[in-house]
Amino acid sequence: MPKIELKNITKKFGGTFTAVDNLSITIEDGDFITLLGPSGCGKTTTLRQIAGLETPTEGEIIIDGKKVFSSIDMIDVSPSKRDVGFLFQNYALWPHMTVYKNIAFGLENLKWEKSRIDERVKELLALLKIEEFSERYPAELSGGQQQRVAIARTLATNPRVLLMDEPLSNLDAKLRMEMRTELKRLHRETGATFVYVTHDQLEAMTLATKICLLDKGVLQQYAPPLTVYNKPANTFVADFVGSPTINFLKCKNEGNGVLSSPIGKLRFNRVDGVMGDLGDTPTIGIRPEFVTMDKNGKLQGEVLSSLPSGMETTLRLKVKDYVFSSVLFGSLDFGVGEKIPLSLPGETMVLFDSNGNYSGEGSLEIL
Amino acid sequence: MIKKQLYRFYKFIKKPYNVILSVLLIVLGYLTLFPMLTMIKDTFTVHVSESMRLKQAAGTFTLNHWLKVLFDPSSLSVFYKPFLNSLVTSLGACLVALVFGGVFSWLITRTNIRWKKALSSLFIFPYIMPSWTLALAWFNVFKNSVVGGVPGTFQALTGIEPPNWFAYGAFPIALVTGLHYAPFAYIMIGGVLRNMDANLEEAAMMLKTKRNRIVRKITIPMILPAVLSTFLLVFSSAMSSFAVPQFLGLPVRYQVLTTQLYRTLNGINPGQGYCIAMIMILLSVGILAFNQRMVGTRKNYTTVTGKSSNISLVNLKKARNVISVIALILIVIVSILPLVSFALESVILRPGDYSPSNFTLQFWIGTAEENSIANNEAGLLRNPNLWKALWNSLKLSIICAITAGSLGFLAGYGIVRGRGTKLAKVVDNLAFFPYLMPSMAFSVIYLSMFSTRHGPIPALYGSFFLLVLIGTVKYMPFASRSGINSMLQLSNQIEEAGEIIGVSWPKRMGRLVIPIQKSSFISGYLLPFTSCMRELSLFVLLVTPQNRVLTTLLFQYNEKGWSQYSNGINLMIVIIVLVVNAVVNKVTGASIDKGIGG
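So the protein lines, in turn, are chains A and B. Residue numbers for the first sequence follow numbering that gives the first Met the number 0, so the first one is 0 and each next one is one higher. Residue numbers for the second sequence follow numbering that gives the first Met the number 0, so the first one is 0 and each next one is one higher.
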């Protein structure tokens, strides 16, 4: 199974707008990568460049050791010869063909024998559990069923790389959950390399073996999901990943490890990270689950809003002039205006330097 | 360096749309831009027929034409008056089209009027028929003694002589042109009304807004862009229409720009004609640019979701039957009565006499010897001239439809796929440009362009090929518009899904793109066919007796005053066009109204 290498890929549109800026990543064989970022960050463009549907302005793309694109060597292998499958956001099923024909079309195009095509189509119909729809037209199927057909069609030719462009964004929440499980199963069963575009950080977290986070065409972080969550490379990553979003305390560096923050003076005890100059205005990132209710807590929060979901409750808490997001586990509810004692426990608070880059993690001590 | 250039070139031509666009750029540049430049030059040069009067050799530079047209005491009658007349009749036509078409589209889409289907298909008739059909019918019915001797049906039946202002000139021209283009308004405004998200109105209803307030504050603002587009489209079409003012204006010497153009181009002042044509083109370009800007900025605002839930129809209550009958009568008058009039006029011996003894079929089936009344011209069905012209018309229309339709579709494909590139933009404009050229001026330019040999291109005057060429270029805008519209509806991904599994470009077109867009694809052929069948002004100067078509034959008979023949031919043209449209519509689901809207 193939490895995909992107080397210094840059894509400019119309000479002025840079969609992807000098992107270099290596996707290991059998990985499930998600390209994550806000809309317009270049993730779909990146995916389409791997597929060959879009031509990079500069750089090199290597799939399975074979150069499929190079601006220097002037190589540009056509999409069909890259041995990739592509799953489109709107499914792009051919409306004038039945489900069976949709799946078989690519195989017919490869001049497979009829009996072999039939065998393969039946196998896929079974794999995706859509046997009973084989003679229906796409318009007669629900969104989820259409999506399954689209996946079957993409898998038909047995591509070793499967590229997916927000394939679940048109489905409802329940179906989306179901299809996520399904995709993980397919990843395991086919053994192919998956590259998956999404703007939904939860989807990226749950599916991927590695997340590639982009913003404005520039790579922000390329790491496994939990690393991205716990050791975000910068404030953008920290802010983008996680729901509710991380709390940022903008501090003033008083020297000697003392930071003055909107909730008072703090000491940050670093347990890990790159030592370096913090600058004058470092930022502390605190995940909502680490703003906890604690009878002995030194802080006091006033409830601004309370959103209980049963398993957990999301709160907006005012501490001095700062408003925290907090997630408390368990079936709890609070009245607005209620006062709660709080603490900020644990060793996974994140410290960013004045430029917003990751500087380390550690615990907080309230002075 | 060279290698890099080569590589870029290779990358460029690897995309089929780039190849299509490049080829079109060259071909269309030659066939539309070159004529245009020739014409500009012609407004500044002395022409053969003018050299005597101007006492200058043909081909010398002169400002005389422009001065005569714009800044001379005679300018008033040469240009300003016809210009004013054109404005008046075109504005009048817009008013008629919008009121008639707008009210009708509201009745059909939003009320419980009876016979919706029948009314709706009858309403499109006038657009499918040649534009002068209604003019000729009007002429048949309301002509008075001014044109000499024979009165029209109205006078024959009632004994009242219609006044001049009613029979000829601005009033009937505006009315007839307006009725001809009313289907535009129906299709465009009706389309918005039909697809408008009912929630928008329901939201207002939930806020306890009164029904007529909803119409005033929500519905009308929503359809305003469509109204504006219709207005501009009808206006520019009316400005360039030739046959209607020619039929209805001539008896009282009511000149508009197009008839003035015909006079000058055919007469001794072609230079002035070119100046008028130039002004008309500039006017059209201006209108179009204005339209694009208005529609462009307001597009988001008319968002048509296509998710139309059931709109509660206005209950006309007691008025339902009355309104339904009135609508039916009006539409029958406009759509059916002209046909009856043609049939009638083609079977009476002496025009104006509708007594039973005066009826005859000799103009249809009489032999040449029997028809001494018409210089021994054989009856239409036995007339070799007619069969020849019919054959030519069909041949020409079919070939033009195939060439214009296919090129237009490819242009639409290339323009949409290459969207955003300069090349696509240029080709888009080039492909639309012929629409803005007044047919008459266009044909005169082609006449002079291809009358002699140019490099590898032989002299084409008098050849059938020239007719095909000009028809193709002139009708391509219709096809390219419908091509663009249908390609815009088709997501890029549909084709990419094929590309990625290695389906070749021809196969992607043949197996995916075209079958999916089958009905609008065929509509792209239907519009050029229909237009070509009924075209007069484009061909009238280019045909020779050898390649006469039905419309020019009709024109000749009409000029000779043989109204039975011209009416008979008109009936034939209308029936052929209607039958072809109906058959194609039945078989493929394509229809003419799918092509309009751009």
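Honestly, the hints are just simulated from the structure, not real lab data. Everything numeric in this text was worked out from a predicted model, so none of it was measured. Careful, some of the hints might be misleading.
With a straight-line Cα cutoff of 20 Å, these simulated SDA-like cross-link-like pairs (lysine to any residue) come out [said to hold, decoys possible]:
(1) Lys-11/A x Met-508/B
(2) Lys-421/B x Lys-121/A
(3) Lys-14/B x Asn-7/A
(4) Lys-65/A x Glu-122/A
(5) Lys-13/B x Ser-69/A
(6) Lys-100/A x Leu-83/B
(7) Lys-100/A x Ile-12/B
(8) Lys-3/B x Thr-244/A
(9) Lys-13/B x Asn-7/A
(10) Lys-13/B x Ser-353/A
(11) Lys-11/A x Pro-514/B
(12) Lys-10/B x Val-217/A
(13) Lys-421/B x Lys-338/A
(14) Lys-10/B x His-95/A
(15) Lys-421/B x Met-73/A
(16) Lys-421/B x Asp-214/A
(17) Lys-100/A x Ile-493/B
(18) Lys-10/B x Ala-232/A
(19) Lys-13/B x Glu-53/A
(20) Lys-424/B x Ser-69/A
(21) Lys-10/B x Lys-121/A
(22) Lys-215/A x Ala-232/A
(23) Lys-517/B x His-95/A
(24) Lys-13/B x His-95/A
(25) Lys-80/A x Gly-454/B
(26) Lys-13/B x Ala-232/A
(27) Lys-121/A x Gln-88/A
(28) Lys-11/A x Lys-65/A
(29) Lys-424/B x Lys-65/A
(30) Lys-10/B x Gln-144/A
(31) Lys-80/A x Thr-420/B
(32) Lys-11/A x Ile-493/B
(33) Lys-80/A x Ile-12/B
(34) Lys-10/B x Ile-74/A
(35) Lys-3/B x Thr-54/A
(36) Lys-14/B x Asn-356/A
(37) Lys-424/B x Ser-119/B
(38) Lys-424/B x Gln-144/A
(39) Lys-2/B x Lys-80/A
Now the hints, each set against the structure:
{"no.": "1", "hint": "Lys-11/A x Met-508/B", "result": "29 Å, violated"}
{"no.": "2", "hint": "Lys-421/B x Lys-121/A", "result": "47 Å, violated"}
{"no.": "3", "hint": "Lys-14/B x Asn-7/A", "result": "24 Å, violated"}
{"no.": "4", "hint": "Lys-65/A x Glu-122/A", "result": "30 Å, violated"}
{"no.": "5", "hint": "Lys-13/B x Ser-69/A", "result": "16 Å, holds"}
{"no.": "6", "hint": "Lys-100/A x Leu-83/B", "result": "61 Å, violated"}
{"no.": "7", "hint": "Lys-100/A x Ile-12/B", "result": "31 Å, violated"}
{"no.": "8", "hint": "Lys-3/B x Thr-244/A", "result": "48 Å, violated"}
{"no.": "9", "hint": "Lys-13/B x Asn-7/A", "result": "24 Å, violated"}
{"no.": "10", "hint": "Lys-13/B x Ser-353/A", "result": "49 Å, violated"}
{"no.": "11", "hint": "Lys-11/A x Pro-514/B", "result": "34 Å, violated"}
{"no.": "12", "hint": "Lys-10/B x Val-217/A", "result": "26 Å, violated"}
{"no.": "13", "hint": "Lys-421/B x Lys-338/A", "result": "64 Å, violated"}
{"no.": "14", "hint": "Lys-10/B x His-95/A", "result": "32 Å, violated"}
{"no.": "15", "hint": "Lys-421/B x Met-73/A", "result": "24 Å, violated"}
{"no.": "16", "hint": "Lys-421/B x Asp-214/A", "result": "29 Å, violated"}
{"no.": "17", "hint": "Lys-100/A x Ile-493/B", "result": "14 Å, holds"}
{"no.": "18", "hint": "Lys-10/B x Ala-232/A", "result": "38 Å, violated"}
{"no.": "19", "hint": "Lys-13/B x Glu-53/A", "result": "12 Å, holds"}
{"no.": "20", "hint": "Lys-424/B x Ser-69/A", "result": "29 Å, violated"}
{"no.": "21", "hint": "Lys-10/B x Lys-121/A", "result": "39 Å, violated"}
{"no.": "22", "hint": "Lys-215/A x Ala-232/A", "result": "16 Å, holds"}
{"no.": "23", "hint": "Lys-517/B x His-95/A", "result": "10 Å, holds"}
{"no.": "24", "hint": "Lys-13/B x His-95/A", "result": "28 Å, violated"}
{"no.": "25", "hint": "Lys-80/A x Gly-454/B", "result": "45 Å, violated"}
{"no.": "26", "hint": "Lys-13/B x Ala-232/A", "result": "41 Å, violated"}
{"no.": "27", "hint": "Lys-121/A x Gln-88/A", "result": "24 Å, violated"}
{"no.": "28", "hint": "Lys-11/A x Lys-65/A", "result": "24 Å, violated"}
{"no.": "29", "hint": "Lys-424/B x Lys-65/A", "result": "37 Å, violated"}
{"no.": "30", "hint": "Lys-10/B x Gln-144/A", "result": "38 Å, violated"}
{"no.": "31", "hint": "Lys-80/A x Thr-420/B", "result": "27 Å, violated"}
{"no.": "32", "hint": "Lys-11/A x Ile-493/B", "result": "24 Å, violated"}
{"no.": "33", "hint": "Lys-80/A x Ile-12/B", "result": "18 Å, holds"}
{"no.": "34", "hint": "Lys-10/B x Ile-74/A", "result": "10 Å, holds"}
{"no.": "35", "hint": "Lys-3/B x Thr-54/A", "result": "15 Å, holds"}
{"no.": "36", "hint": "Lys-14/B x Asn-356/A", "result": "43 Å, violated"}
{"no.": "37", "hint": "Lys-424/B x Ser-119/B", "result": "36 Å, violated"}
{"no.": "38", "hint": "Lys-424/B x Gln-144/A", "result": "39 Å, violated"}
{"no.": "39", "hint": "Lys-2/B x Lys-80/A", "result": "24 Å, violated"}
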